[in-house]
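J.: Starting from the known structure of chain A, arrange chain B on it as the hints suggest.
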Amino acid sequence: MSKMNLRMNSFKIKEVMQRNTHVVYMYLFLLIMVIVAGILDPDFLSMRNINNLILSSQPIFIVSCAQMIILLMGDIDLSLGSIIGLVNVVFVMLMQPEQPYGFVVPLVVAIAVGVLCGLMNGFLITKMHLPSVIVTIATSNIFGGLALFACPVPGGKVHNIFSRFIMGRQGFPFPIVLMIGMFVAIYLVASRSTFGMKVRAVGGNSFAAYTTGISIERIKLTAYGLAGFLASLSSIFLTSQMRCADATVGNSFTVNSLTVAVVGGTALSGSVGGVSGVIGGSFIIMIINNILNLINVSSFYQYVIQGLVLIFALAISSKRKK
Amino acid sequence: MDAENILELQKISKHFGGVTALDEVDFSCRRNEIHCIAGENGAGKSTLLKIISGLLETDHGHMFLNGETMRFKSPHVAQKHGIAMVYQELTLIPELTVEENIFLNIEPKNKLSIIDRKQVSNNLAQLMEEYNIILAPRAVVKNLSIAEQQMTEILKILVRNPEIIILDEPTSALAQGEVEKLFKIMRTMKARGKTLLFISHRLDEILDITDRVTVLKDSRLVGTYETSDLDHNKLIRAMVGRSLTSIFPKLNEIDTEQTVFSVESFSVGNKIRNVSFSVYHGEIVGIAGLQGHGQTELLNGIAALMPHTKGTVSIHGTPVVMHKPWDAIRQGIALVPVDRKTEGLLLDLSVKDNLALASLDKRKRRKFIDRKAEKAFAQEMVKRLTIKCANEQIAVKNLSGGNQQKVVLGKELGIEPKVLLFNEPTRGIDIEAKSEFYSIMRKLASQGVGIVVVSSDLMEVIGICDRVIVLYEGKVSGILAKEEMSEESIMRCAVGLG
Chain A
1 MSKMNLRMNS FKIKEVMQRN THVVYMYLFL LIMVIVAGIL DPDFLSMRNI
51 NNLILSSQPI FIVSCAQMII LLMGDIDLSL GSIIGLVNVV FVMLMQPEQP
101 YGFVVPLVVA IAVGVLCGLM NGFLITKMHL PSVIVTIATS NIFGGLALFA
151 CPVPGGKVHN IFSRFIMGRQ GFPFPIVLMI GMFVAIYLVA SRSTFGMKVR
201 AVGGNSFAAY TTGISIERIK LTAYGLAGFL ASLSSIFLTS QMRCADATVG
251 NSFTVNSLTV AVVGGTALSG SVGGVSGVIG GSFIIMIINN ILNLINVSSF
301 YQYVIQGLVL IFALAISSKR KK
Chain B
1 MDAENILELQ KISKHFGGVT ALDEVDFSCR RNEIHCIAGE NGAGKSTLLK
51 IISGLLETDH GHMFLNGETM RFKSPHVAQK HGIAMVYQEL TLIPELTVEE
101 NIFLNIEPKN KLSIIDRKQV SNNLAQLMEE YNIILAPRAV VKNLSIAEQQ
151 MTEILKILVR NPEIIILDEP TSALAQGEVE KLFKIMRTMK ARGKTLLFIS
201 HRLDEILDIT DRVTVLKDSR LVGTYETSDL DHNKLIRAMV GRSLTSIFPK
251 LNEIDTEQTV FSVESFSVGN KIRNVSFSVY HGEIVGIAGL QGHGQTELLN
301 GIAALMPHTK GTVSIHGTPV VMHKPWDAIR QGIALVPVDR KTEGLLLDLS
351 VKDNLALASL DKRKRRKFID RKAEKAFAQE MVKRLTIKCA NEQIAVKNLS
401 GGNQQKVVLG KELGIEPKVL LFNEPTRGID IEAKSEFYSI MRKLASQGVG
451 IVVVSSDLME VIGICDRVIV LYEGKVSGIL AKEEMSEESI MRCAVGLG
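Chains A and B supply the protein sequences, listed in that same order. Residue numbering for the first sequence follows our numbering, beginning at 1 and increasing consecutively. Residue numbering for the second sequence follows our numbering, beginning at 1 and increasing consecutively.
For reference, chain A alone in the conformation it holds in the complex (with noise of 0.2 Å):
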C-alpha cells in the first residue's frame, strides 16, 4: 500500500514536471536574473527594493493575466496598452481630488469604461466574425485616439489617500496582499474554474467545443470584457503610482504583456498557460528594466530591448512545441 502510494506520489511529481518544464525553466532563470541584479547592485535585494519591484510589478501583472486569458482563447489583445491608457485619462479627469471620497465615482466609471472597450472587442470579434488581430488593432487606435483627444498633454492630480492606499502607504500592505490576492483569483478563474476551461476548450479546438455545446460566443464575449475589466484594474494601480493622466501611459503595455505571457509559458496557439508563469514573467521583465536603469541604459534602447526579449521568447517557445 504505502509502496503504491509512493509510486502515485513520484507519478505526481513526473507529471507537474512534464506539464510544466517551461516555468520551472523560468523561475531558474529568474533566480539567476535576481542573483545577477544582487551583484550589480547590493541594494537591490533588500526590503525596500522588494517592495518597490512588487509595486511597479502591479501593473504590468494584472495586465499580462488580460492578455493570457486571451491567449488561452486562441485570439490575441493588442488593445489593452491603449485601453489603460483611456482608463487613466477618464480615472484622472473625473477626479476630485479635495473630497474625501472624490475617488469613487472616477473609479466605478473608469473601471466601466474599460470593460465597455473589451466587451466591443468581444462584440465585434463574435458577431462580425472578425480576427481579433485586426480589430484590436482598429480599436487600439479608436480607443487611443479618444484618449489624447480628452488629454491632449499630460497632467491632473489623483486623490492623495487614495493612492497613498494603494501603494500600501497607511500602514496596510496593500500591494502585497493585492498580488496574492490577484495570484489566487486568477488561478482559481484560469486554472480551476469551468469557464477557465471553456476558454482553453475554444482556444483548443473550437468544432470540439461546440459540439460540447460550449457558446464560444458567450465564452469570448465573456473574456474580452474580463480582460477590460483586468486591464482597467492595471490602469488604476498605475495611476496611483504615477499620480496624473496621461493619454499614452499605456502604450508599452501591450508589447510588454505578450512578452510577460509568453516568457510565463502562455502559448500563442491557445490552450496552455497559467498564472504561476505569468506572475515570474512580470518579475523577469521588471528585473531587466531595473537592470537597465540601474546600468544607465537610455530608455529608447529599452524599448529595443523589450522587442528583442519578445522575440527570443516566442522562438524558445515555437522551439519548444517541436
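Hints are computed from structural coordinates only; laboratory data are not their basis. Note that this is a predicted model, so its numbers are computed, not measured. Ideal Cβ placement from N, Cα and C applies to all residues, glycine included. Check the hints yourself; a few may be wrong.
Listing some non-contacts, in silico: residues in chain B with all C-beta distances to chain A over 12 Å [as the list claims (entries may be wrong)]: (1) T69; (2) N132; (3) L290.
Below 30 Å or equal to it, Euclidean Cα-Cα: the simulated DSBU-like pairs (lysine-lysine) are [said to hold, decoys possible]: (4) K397/B x K127/A; (5) K443/B x K397/B; (6) K50/B x K271/B; (7) K372/B x K341/B; (8) K319/A x K234/B; (9) K234/B x K271/B; (10) K443/B x K375/B; (11) K250/B x K319/A; (12) K271/B x K250/B; (13) K217/B x K271/B; (14) K118/B x K73/B; (15) K341/B x K127/A; (16) K319/A x K341/B; (17) K127/A x K80/B; (18) K50/B x K250/B; (19) K271/B x K319/A; (20) K388/B x K375/B; (21) K319/A x K324/B; (22) K383/B x K372/B; (23) K475/B x K181/B; (24) K50/B x K324/B; (25) K250/B x K217/B; (26) K234/B x K482/B; (27) K50/B x K127/A; (28) K127/A x K73/B.
So the derived label-pair ranges between C-beta atoms look like this [what the hints assert, rightly or not]: (29) L90/B x S318/A: 19 to 25 Å; (30) N141/A x E343/B: 36 to 42 Å; (31) E180/B x K127/A: 33 to 39 Å; (32) N141/A x Q88/B: 40 to 46 Å; (33) E473/B x L292/A: 52 to 58 Å; (34) A315/A x Q447/B: 43 to 49 Å; (35) L292/A x I134/B: 38 to 44 Å.
T.: For chain B alone, coordinates are given in the frame of chain A:
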C-alpha cells in the same frame, strides 16, 4: 411507427447549395442494436448521422425519438436527448488532459464554478473500469496515439450517458488489433443497453459486429438488411452493384531482372532499423504491420521528410544521395501522404492549382507560370486519372474523397516519378473509387514506376500487392510472396511471430 424502434426518420432530405446529399431517406433503428450505415463515399452516410446528432438540420422530413417528434438545433441539444456522436474530426482539445477533455462542460463543480477534481477522477475511474478501458487520466491528449485519442473520445461520449451512440468511421484510422479492442467496447455498450449507429468501409467489420445494415447509394436509401442474411458479395452488390472479384485489377508481368528501386540496410532513428528491400519492374510492394511499427517512418525516410540515419537508396541500380525532401523529388521519388486534407492538398485552391503544385518549375516561361501549359497539363491529368469534376477550376474541397485522392496522385505524377510511395492510399474512399485507384496503380507499375504501398487494410494489401514486407518494431519480420499472403500469415508476422 414500430414500437421497438428507438429512432425513426421519415423522408429526410438535405441539400448543400445545389448538391443533394440526402433524398427522402427513410431510416429506423431498433432499441439496443448495432446498426451500420454503409455505402460509398458521397452516398450521404455522414450527412444522415450528422442530422441525427444535431450537427446539421434537415431541409425536409421528420425525426422521431421514442415516438416523439424531434428537431435538434445543435449537438448539445441532441446530447440532452440522449444522442451523442463521435465525429471523424477530432473533438478533443490537444493540450488538455484526458480527464479534462472527457468532462469538458459537464465538470462536477462547487458553487463558485470551481471544478471538483476528486469527483472527476472518481467518476472517470469508475467508467473506465466499467468498459475495461485503460488510459492515464492526466496524460495530455496530444501525446496519445490515435487509438488512445479515440478511446478518450468514446469515454467523453459515455460519461454523458447517452442512449444512442453514433460512431462515424471509428475504425478507419485503427490497426487490426485496435479494431478488436474497439469492438469489444462496442459490445459492452450494447450489453449495457445502448443503441449504436456506425459507419464503416470495411466489409468484414460490418458483417462481424452489426445486427442490421442500412445501405445508401447516391443519396438514396437502397435498403435495410438483417446482417445474418448478408455476406461479402451481397453487401458489395447492394453498395455498388458489382462483386468483389472485380475490385482488384489483374496482375502484370514482373521482370525480376530489372530492379527499379531498392533500399539497403535503411534506418530512421530507432523507428526503422536495417530495412532492405527492392522493387522490380512491374511490381507493387506492400508494407504491412500494426500501427506504429515504423511504416510511416519508412516512407517518410525514403522521401527524405525525415532524416535517415543509415543506409542507401538506389534507383535503377544507382545510389542516390538525399538529405531534404527536394532532393528526393529531384531524384524522382514521390509520396502520396496519409492525410490528403492536411498533407496533400490546398483545399481552397482549384483542381488545376493543386495538380500543378509539385511541378511548377516544369511549366514556366522565364520566371512566370505558363498558364496555357498549366491548363493543358491539368486537363490531361483530369482525363488520365478520370477525376470527376465540373472543370479543373473548381475548388478541390468540393470533390469527393476518392477524387481528391486522385488529385493528390496527379500532383505527384507531375514530377514524372520513378518511384511512387503511397501511405494508406484508399483510406476513407469508397469501393468504386478504390477499384479505379488500384487500376491506376497497376498501370503505373506496368509502365515501370516502382510502387510501394503502406496499408493497414489487409484485404487491400493482399489484393493489390505482388509482395508484402511486414514490419515489427521497425524491423522486417517477414517478406511474403503473392501465394503466401493471407490475413493470418500477415498478422503472424505483424505481431513478431514471423
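J.: Next step is simple, just say for each hint if it's right about the structure.
T.: Cross-check of the supplied hints:
1. For T69/B, the condition that its CB be more than 12 Å from all CB atoms of chain A holds, with the nearest at approximately 22 Å.
2. At roughly 21 Å, the least C-beta separation between N132/B and chain A is larger than 12 Å, which holds for a residue marked as non-interface.
3. L290/B, annotated as away from the interface, keeps every beta carbon of chain A farther than 12 Å; the closest lies near 27 Å.
4. As the CA atoms of K397/B and K127/A are separated by approximately 26 Å, the hinted pair is consistent with the 30 Å bound.
5. For the hint linking K443/B to K397/B, the alpha-carbon distance of about 27 Å falls within 30 Å, and the restraint holds.
6. With a C-alpha separation of about 38 Å, the suggested pairing of K50/B with K271/B is violated against the 30 Å cut-off.
7. At most 30 Å may separate the alpha-carbon atoms for a hinted pair to count; K372/B and K341/B meet this at roughly 27 Å.
8. Using a Cα cut-off of 30 Å, the hinted pair K319/A and K234/B is violated, with the two alpha carbons roughly 54 Å apart.
9. Taking the CA atoms of K234/B and K271/B, the gap is about 42 Å. The hint is violated against a cut of 30 Å.
10. Simply put, K443/B and K375/B have alpha-carbon atoms about 24 Å apart, close enough for the 30 Å limit, and the pair holds.
11. Only pairs whose Cα atoms come within 30 Å are accepted, and K250/B paired with K319/A is rejected, the gap being roughly 50 Å.
12. About 34 Å separates the Cα atoms of K271/B and K250/B, which puts this hinted pair outside 30 Å; it is violated.
13. Note on K217/B and K271/B: the hinted pairing is violated, with a Cα-Cα distance of about 42 Å set against a maximum of 30 Å.
14. For the hint pairing K118/B with K73/B, the CA-to-CA distance comes to about 34 Å; that exceeds 30 Å, so the pair is violated.
15. About 29 Å separates the Cα atoms of K341/B and K127/A, which keeps this hinted pair within 30 Å; it holds.
16. Straight-line distance between C-alpha atoms of K319/A and K341/B comes to about 26 Å, which keeps the hinted pair within the 30 Å bound.
17. For a cut-off of 30 Å, the pair hint linking K127/A to K80/B stands: about 26 Å separates their Cα positions.
18. A distance of roughly 39 Å separates the Cα atoms of K50/B and K250/B; the hinted pair therefore is violated under the 30 Å criterion.
19. With a C-alpha separation of about 22 Å, the suggested pairing of K271/B with K319/A holds against the 30 Å cut-off.
20. Taken as a hint, the K388/B and K375/B pair is honoured in the structure, with Cα atoms around 16 Å apart against an allowance of 30 Å.
21. Distance check on the hinted pair: K319/A and K324/B sit about 20 Å apart at the alpha-carbon level, within 30 Å; holds.
22. Annotation: proposed proximity of K383/B to K372/B holds, straight-line Cα distance about 17 Å (limit 30 Å).
23. Of the supplied pair hints, the one linking K475/B and K181/B holds, its CA atoms being roughly 25 Å apart against a limit of 30 Å.
24. With a C-alpha separation of about 42 Å, the suggested pair K50/B and K324/B falls outside the 30 Å cut-off, and the hint is violated.
25. This hinted pair checks out: K250/B and K217/B have alpha carbons roughly 27 Å apart, not beyond 30 Å.
26. Straight-line distance between C-alpha atoms of K234/B and K482/B comes to about 27 Å, which keeps the hinted pair within the 30 Å bound.
27. With a CA separation close to 25 Å, the supplied pair K50/B and K127/A stays within the 30 Å bound.
28. Pair hint K127/A plus K73/B holds up; C-alpha atoms about 19 Å apart against a cutoff of 30 Å.
29. Checked against the given bound of 19 to 25 Å, the beta carbons of L90/B and S318/A, roughly 22 Å apart, stay inside it.
30. Taking the beta carbon of each, N141/A and E343/B are about 40 Å apart, inside 36 to 42 Å as hinted.
31. Checking the proposed 33 to 39 Å range against E180/B and K127/A shows it is violated: the Cβ atoms sit about 49 Å from each other.
32. The supplied range of 40 to 46 Å is met by N141/A and Q88/B, whose beta-carbon atoms lie about 43 Å from each other.
33. Between E473/B and L292/A the C-beta distance comes to about 55 Å, which sits within the given range of 52 to 58 Å.
34. A C-beta distance of roughly 48 Å is found between A315/A and Q447/B, which places it inside the suggested range of 43 to 49 Å.
35. A beta carbon spacing of about 53 Å between L292/A and I134/B contradicts the range 38 to 44 Å that was offered as a hint.
Figure legend: structure checked against the earlier numbered hints; hints not met, in rising order: 6, 8, 9, 11, 12, 13, 14, 18, 24, 31, 35.
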